[in-house]
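Visitor: Line by line, the protein sequences give chains A and B.
Just remember that my numbering sits 3 ahead of the position in the first sequence, which is counted from 1.
Just remember that my numbering sits 3 ahead of the position in the second sequence, which is counted from 1.
I should point out that these hints are in silico values taken from the structure, not numbers from a laboratory.
Glycine included, every Cβ here is placed at the ideal spot set by N, Cα and C.
Be a bit skeptical, because a hint or two may be false.
Said to hold, decoys possible - DEER-style ranges, computed between Cβ atoms:
1. B:F412 - A:K94: 56 to 62 Å
2. A:E379 - B:D15: 34 to 40 Å
3. A:E233 - B:D342: 24 to 30 Å
4. A:G414 - B:I38: 53 to 59 Å
5. B:D342 - A:G43: 24 to 30 Å
6. B:N269 - A:T337: 38 to 44 Å
7. A:K236 - B:N269: 44 to 50 Å
8. B:G44 - A:F412: 51 to 57 Å
9. B:E45 - A:D27: 36 to 42 Å
10. A:K213 - B:D342: 38 to 44 Å
11. B:D342 - A:Y270: 45 to 51 Å
12. A:G305 - B:I38: 28 to 34 Å
13. A:N401 - B:G25: 34 to 40 Å
14. B:F412 - A:D27: 49 to 55 Å
Said to hold, decoys possible - Which chain B residues face chain A? A few, computed with CB under 8 Å, are given here:
15. L179
16. G317
17. L347
18. P367
19. D369
Unchecked claim - Quick look at which bits of chain A chain B covers, simulated, 3 or more residues with Cβ under 8 Å:
20. 106 to 117
21. 187 to 199
22. 243 to 252
Number of protein chains: 2
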Amino acid sequence: MSERLEKLFCPDSVAVVGASNGFDKLGYHVMKSLIQGKYGGEIFPVNPKGEIVWGLHSYPSLRDIRGTIDLAVIVVPASLVPQVLHECGQKMVKGVVLITAGFREIEDQKGVVLEREIRNIADQYALPILGPNTFGFVNPTFEINASFTSELSLLEKGGVALVSQSGGIAHLCGFLATEQRIGFSKLIGLGNRCNVDFAEVLGYLVERDKATKVIALYLEGLDRPREMVEAAKSLRGTKPIIAYKAGKGEKSDSASRFHTGSLAGNYRIWRGAFRQAGILEVSSIEELLDTAKVLDSCPPPGGPRIAVLSSQAGPGMVASDAIEKSGLKLSHFTARTQDRINSLLPPIAMRTNPVDMGPAWYSPQDILDLFEAVLEDEGTDGIIFMAMYASANENLANEIAQYVKRVDFLGKPVVACLSAPREIWNDAITGIDKRKGFAVLPTPERSVVAMGNLWRVKLIVDNGG
Amino acid sequence: MSERLEKLFCPDSVAVVGASNGFDKLGYHVMKSLIQGKYGGEIFPVNPKGEIVWGLHSYPSLRDIRGTIDLAVIVVPASLVPQVLHECGQKMVKGVVLITAGFREIEDQKGVVLEREIRNIADQYALPILGPNTFGFVNPTFEINASFTSELSLLEKGGVALVSQSGGIAHLCGFLATEQRIGFSKLIGLGNRCNVDFAEVLGYLVERDKATKVIALYLEGLDRPREMVEAAKSLRGTKPIIAYKAGKGEKSDSASRFHTGSLAGNYRIWRGAFRQAGILEVSSIEELLDTAKVLDSCPPPGGPRIAVLSSQAGPGMVASDAIEKSGLKLSHFTARTQDRINSLLPPIAMRTNPVDMGPAWYSPQDILDLFEAVLEDEGTDGIIFMAMYASANENLANEIAQYVKRVDFLGKPVVACLSAPREIWNDAITGIDKRKGFAVLPTPERSVVAMGNLWRVKLIVDNGG
Numbered sequence: 004m005s006e007r008l009e010k011l012f013c014p015d016s017v018a019v020v021g022a023s024n025g026f027d028k029l030g031y032h033v034m035k036s037l038i039q040g041k042y043g044g045e046i047f048p049v050n051p052k053g054e055i056v057w058g059l060h061s062y063p064s065l066r067d068i069r070g071t072i073d074l075a076v077i078v079v080p081a082s083l084v085p086q087v088l089h090e091c092g093q094k095m096v097k098g099v100v101l102i103t104a105g106f107r108e109i110e111d112q113k114g115v116v117l118e119r120e121i122r123n124i125a126d127q128y129a130l131p132i133l134g135p136n137t138f139g140f141v142n143p144t145f146e147i148n149a150s151f152t153s154e155l156s157l158l159e160k161g162g163v164a165l166v167s168q169s170g171g172i173a174h175l176c177g178f179l180a181t182e183q184r185i186g187f188s189k190l191i192g193l194g195n196r197c198n199v200d201f202a203e204v205l206g207y208l209v210e211r212d213k214a215t216k217v218i219a220l221y222l223e224g225l226d227r228p229r230e231m232v233e234a235a236k237s238l239r240g241t242k243p244i245i246a247y248k249a250g251k252g253e254k255s256d257s258a259s260r261f262h263t264g265s266l267a268g269n270y271r272i273w274r275g276a277f278r279q280a281g282i283l284e285v286s287s288i289e290e291l292l293d294t295a296k297v298l299d300s301c302p303p304p305g306g307p308r309i310a311v312l313s314s315q316a317g318p319g320m321v322a323s324d325a326i327e328k329s330g331l332k333l334s335h336f337t338a339r340t341q342d343r344i345n346s347l348l349p350p351i352a353m354r355t356n357p358v359d360m361g362p363a364w365y366s367p368q369d370i371l372d373l374f375e376a377v378l379e380d381e382g383t384d385g386i387i388f389m390a391m392y393a394s395a396n397e398n399l400a401n402e403i404a405q406y407v408k409r410v411d412f413l414g415k416p417v418v419a420c421l422s423a424p425r426e427i428w429n430d431a432i433t434g435i436d437k438r439k440g441f442a443v444l445p446t447p448e449r450s451v452v453a454m455g456n457l458w459r460v461k462l463i464v465d466n467g468g
Numbered sequence: 004m005s006e007r008l009e010k011l012f013c014p015d016s017v018a019v020v021g022a023s024n025g026f027d028k029l030g031y032h033v034m035k036s037l038i039q040g041k042y043g044g045e046i047f048p049v050n051p052k053g054e055i056v057w058g059l060h061s062y063p064s065l066r067d068i069r070g071t072i073d074l075a076v077i078v079v080p081a082s083l084v085p086q087v088l089h090e091c092g093q094k095m096v097k098g099v100v101l102i103t104a105g106f107r108e109i110e111d112q113k114g115v116v117l118e119r120e121i122r123n124i125a126d127q128y129a130l131p132i133l134g135p136n137t138f139g140f141v142n143p144t145f146e147i148n149a150s151f152t153s154e155l156s157l158l159e160k161g162g163v164a165l166v167s168q169s170g171g172i173a174h175l176c177g178f179l180a181t182e183q184r185i186g187f188s189k190l191i192g193l194g195n196r197c198n199v200d201f202a203e204v205l206g207y208l209v210e211r212d213k214a215t216k217v218i219a220l221y222l223e224g225l226d227r228p229r230e231m232v233e234a235a236k237s238l239r240g241t242k243p244i245i246a247y248k249a250g251k252g253e254k255s256d257s258a259s260r261f262h263t264g265s266l267a268g269n270y271r272i273w274r275g276a277f278r279q280a281g282i283l284e285v286s287s288i289e290e291l292l293d294t295a296k297v298l299d300s301c302p303p304p305g306g307p308r309i310a311v312l313s314s315q316a317g318p319g320m321v322a323s324d325a326i327e328k329s330g331l332k333l334s335h336f337t338a339r340t341q342d343r344i345n346s347l348l349p350p351i352a353m354r355t356n357p358v359d360m361g362p363a364w365y366s367p368q369d370i371l372d373l374f375e376a377v378l379e380d381e382g383t384d385g386i387i388f389m390a391m392y393a394s395a396n397e398n399l400a401n402e403i404a405q406y407v408k409r410v411d412f413l414g415k416p417v418v419a420c421l422s423a424p425r426e427i428w429n430d431a432i433t434g435i436d437k438r439k440g441f442a443v444l445p446t447p448e449r450s451v452v453a454m455g456n457l458w459r460v461k462l463i464v465d466n467g468g
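Here chain A stands alone, though its shape is the one from the complex (with noise of 0.2 Å):
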C-alpha cells in the first residue's frame, strides 16, 4: 500500500494548479518553494491565464500538460478541486499535495460533503491525497519543497521525519530544527487526512524511505486510531516511533474538532494505545525535537548508566540532578576508569561521577583522555558531555572538534550540552554535532531527558524486536 506515496513524495515532475505571478496567493510561494527550493525535476505551472509564471511556460489545465505529472499541488478554490482532481486522475497523476483549505475542517456541513466527493473520486482514480488543509510537505533528501513556506529548504538533511496533524506545529518545529541544527528525512502535514493517513505514511517512512532512521509524530486526534496503532505495532522493532499528543485537555478537546475535523478523544485512552504500539510518549515541542535528534545520531545506550562529564561544576550538578529524576542512574566508574580519571584531574575537583574537568581545562589532551577513559568504561552506558565555552576555551574547543574528526564512531551515546559565544560555536560545535555519535542540545537538563528518551526507545525496540 505505502509504495503508491512513493512518487508522491519523490515525484519527477510537479504540476502546481493555481500556481501565480501574485505575493499574495499561495501559488506564488508554492512556485517559490519549488525553484528557490532548487527542485530538480520538471515543474508545470497551470494558470488559467496562460501567462509566465515565475519565468515559466504555463498551461491552462493539466491536460494541455505534455508528458508525465507524478505529484500535482492544489491551491485552487475549493469548489473548483474535484474538477481539478478528475483532471489529475485522467493525466495518470500519481499523487496530490492538496493545499485547498475548506473541507470537513469547517463548521458549514458543506465542507463535510466537499470532502466526502473528493474522497470518492480519489477513490475512483486511486489517487493518494495529501490533506486537504496542508502546508503540504518538505523532502530534504530529494531536494523538494513541496509547501508554500520557501523557507523550510532550509532544513538540513538528516534521519528525521516529522509527521504532523498541524502545519503551525510543523512551521514552529521546522524553524526551531532549523536553529538547533536537527537533520530531517521528511517534514509533513497531513492536514485533513482525507484518504492518506498516520497509518500508510508509518509504512511508507519505515518501509519504504531509507533515509528515515527516526519518525516523530504530532497528533491530535483521529479517526482510525485503531488503524494508527495497528500499524505502529506491526512495525515496532523497526526504526523508533515518538509522538506528542495534543488535546489532553478537555478545552483543546473540543478545538481539535474545528481544526482537523477530528475529536482529540480521551487522553488515557491514547497513552495506553502508545504503550501497546511500542511508541514513545514525549511531552513538549521541544522534547519531540530533542528526542528525535538524539535518535538520528546517537546509538542506543546498552543500559541507563549514565557519566557527567562537565567543564564546570555547576552544569555537572544540574545535569546529576536531571538524573536522578529521569529513570537514568550516575555509572559507578571502576577501579581502572577511576585511576585514570585520578591521574588526570588534581584533588581539587569533584572526580567521581560527576567529573568537574575544571582542572584540565586548559590541557585539551587531557580532557580528551578524561573523554576517552570514561568512554571505554565498563560501567558506563553513555556520556553527557558538557562545556560552556569562554573565549579563552577557543583552541580547546577546536581541539575537541578535531578529535571528533579524528576518531571512529564512539559506539556509546555522548549528549553534549556545548554553550558558546557564536564565533566560537560556528566552527567548534557544529564540528562536533550529529558526528560519531555525539548529538548537541542547548540545555543540562534537555540533554538528560533526550538521553532517558534514547534509553527508553531501546527499551522498547527490544522488547518488540
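With chain A fixed as given, assemble chain B onto it according to the hints.
Guide: For chain B alone, coordinates are given in the frame of chain A:
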C-alpha cells in the same frame, strides 16, 4: 550595608592585577572584556614587568598608581592574593573581583586556611570581595564587563539581574539570553562568597540598583541559608525574586561541596525556605530565564484567566493543554467580546477560547481587531498570542510590529510565541519583543509556563505587600 557594593558594580576606575598580553592568561581576557566592552572609566593594568598591556601603560603594583581605584580585578596566583589585598586596602580600593581559584573549594586544607586569611584581610579594610573563584560580573547598564569572557558584553540591557553560584551556569545563561534577547541589568558570579553573599547582593539589587526589575538566582548550597532567606523575606513585595536550586539529589549534593565549599543541604528544607521568603522556585535553567524575561517585560495579570489567540489551531491546542495543567484557566469571554470575535471570524474556526485566528490571517486589521477585542475583555487577565509566520505572512508580521510601536502600554501581559524564518524574525519579531507588555518565547508550552509564573509572582507580591 549594601551601599558598599555601589562602587564595586559601578566603578569609575578599574585596576586589573595580573593584566597580560598573553592569550593563555586570564589577565589577557579580563583586559579584553573591559576594553572591547567599551568600559568608560579609567583602566590601570598592573603587571610586574611594567610593559604596555593592551595598549595601556601598566604599573608594577597598585601602589604605583596615582589616583583613585574603585575596583580591583585580581587574577594573580592564589599565594600572591593576600599581599595584593593588603595593597588594595592601603590604596583605599572600594571593591574587589577575585577571579583567582584555589581557596576553600579545593580538597587541600591549605585552601581553607588561605580563604580565612583573605577574609580577615578584607574585614580589616572593610573591603567587599566578589569571589574568589568567580568569573566576575557584567553590568550592562553601567557598560562594564569585569569578567574573563569578553562576549558577555553582547548581553542586551534590561531589567534582569542574575546572581549565580556557578560560573558555568552564568555563562550558559548569558549565551542563551543573548540568543533569546533577554535584557540584563547584572550578571554576577558569586564564587566562594568569601564576604559577599546572596543576602548582601539581594539588598543591593533591590534597594540601590534602579535598573534591576527582577532577580534570578542560581543556588547550590549556602553556609548561612537563613541569612539569605531573611534578606529575601525583608524585601518581599518589592522586586520579584525567582530561584533555581541545584543539588537536589544525593549525588549532586556531595558534588556541591567540591564546587563552592558548601553542602547543598536537604532540598525539602530549601523548598520551605523559598516559600517563606517569597521566592518563586523554578525547575529548569530555561524556566528561570523565560520567567525572568516575562517578569521584566509584562505587567502582572490581575488574575489567572488567560486567552489563547493562535494563528493556527495546533499551537492553540498545545497552549490550552499547558494552561489546564499550569494553574491558569482558559478565560470565558464576555458576550460583548464574543460578538466582536464572531464579527471578525467566520464560523469555520474555533472562535471561543482558544481562538483560531487562521481565517483572518490574510487581513492584518482583522487580526489586530481580534487582539484588541480580547485585550479589552473583562473576563481575560492575560493573553498567549501565537503566530508561526511563513514567508507569505511577512506583511502581517510587520503590521503587528507597527501596531506595537503605535499603541500604549498594554496593561495586560501578552506572552507571544512567534516563530519565523530568520529574515522575518529580525525585523518583525524583535520589534515586538519586550515592548509595551509583550514578551516573546520560543514555544507554546514555555510561553504558558512563564505566564503561570507571572501569576504566581503576583500572588507572592500581593501576600507580602
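Visitor: Could you run down the list of hints and mark each one as holding or not?
Guide: Verification of the supplied hints:
1. B:F412 - A:K94: 56 to 62 Å: The hinted range 56 to 62 Å holds for F412 of chain B and K94 of chain A, with Cβ atoms some 58 Å apart.
2. A:E379 - B:D15: 34 to 40 Å: Hint violated: Cβ distance 55 Å, outside 34 to 40 Å.
3. A:E233 - B:D342: 24 to 30 Å: 46 Å, violated
4. A:G414 - B:I38: 53 to 59 Å: 46 Å, violated
5. B:D342 - A:G43: 24 to 30 Å: 52 Å, violated
6. B:N269 - A:T337: 38 to 44 Å: 31 Å, violated
7. A:K236 - B:N269: 44 to 50 Å: Cβ of K236 of chain A to Cβ of N269 of chain B: about 46 Å, so the range 44 to 50 Å holds.
8. B:G44 - A:F412: 51 to 57 Å: Once the Cβ atoms are compared, 53 Å apart, the range 51 to 57 Å for F412 of chain A and G44 of chain B holds.
9. B:E45 - A:D27: 36 to 42 Å: 58 Å, violated
10. A:K213 - B:D342: 38 to 44 Å: Because 55 Å falls outside the window, the suggested range is violated.
11. B:D342 - A:Y270: 45 to 51 Å: 33 Å, violated
12. A:G305 - B:I38: 28 to 34 Å: 51 Å, violated
13. A:N401 - B:G25: 34 to 40 Å: Roughly 18 Å apart at Cβ, these two residues miss the hinted range, so it is violated.
14. B:F412 - A:D27: 49 to 55 Å: With Cβ atoms ~33 Å apart, the hint is violated.
15. L179: 7 Å, holds
16. G317: 2 Å, holds
17. L347: 15 Å, violated
18. P367: 12 Å, violated
19. D369: 15 Å, violated
20. 106 to 117: With 5 residues in contact (Cβ-Cβ under 8 Å with chain B), the coverage given for the segment 106 to 117 of chain A holds.
21. 187 to 199: Coverage by chain B is violated here, the residue count being 0 at a Cβ distance below 8 Å.
22. 243 to 252: holds (count 4)
Taken one by one, the earlier hints fail for this structure at numbers 2, 3, 4, 5, 6, 9, 10, 11, 12, 13, 14, 17, 18, 19 and 21, listed in ascending order.
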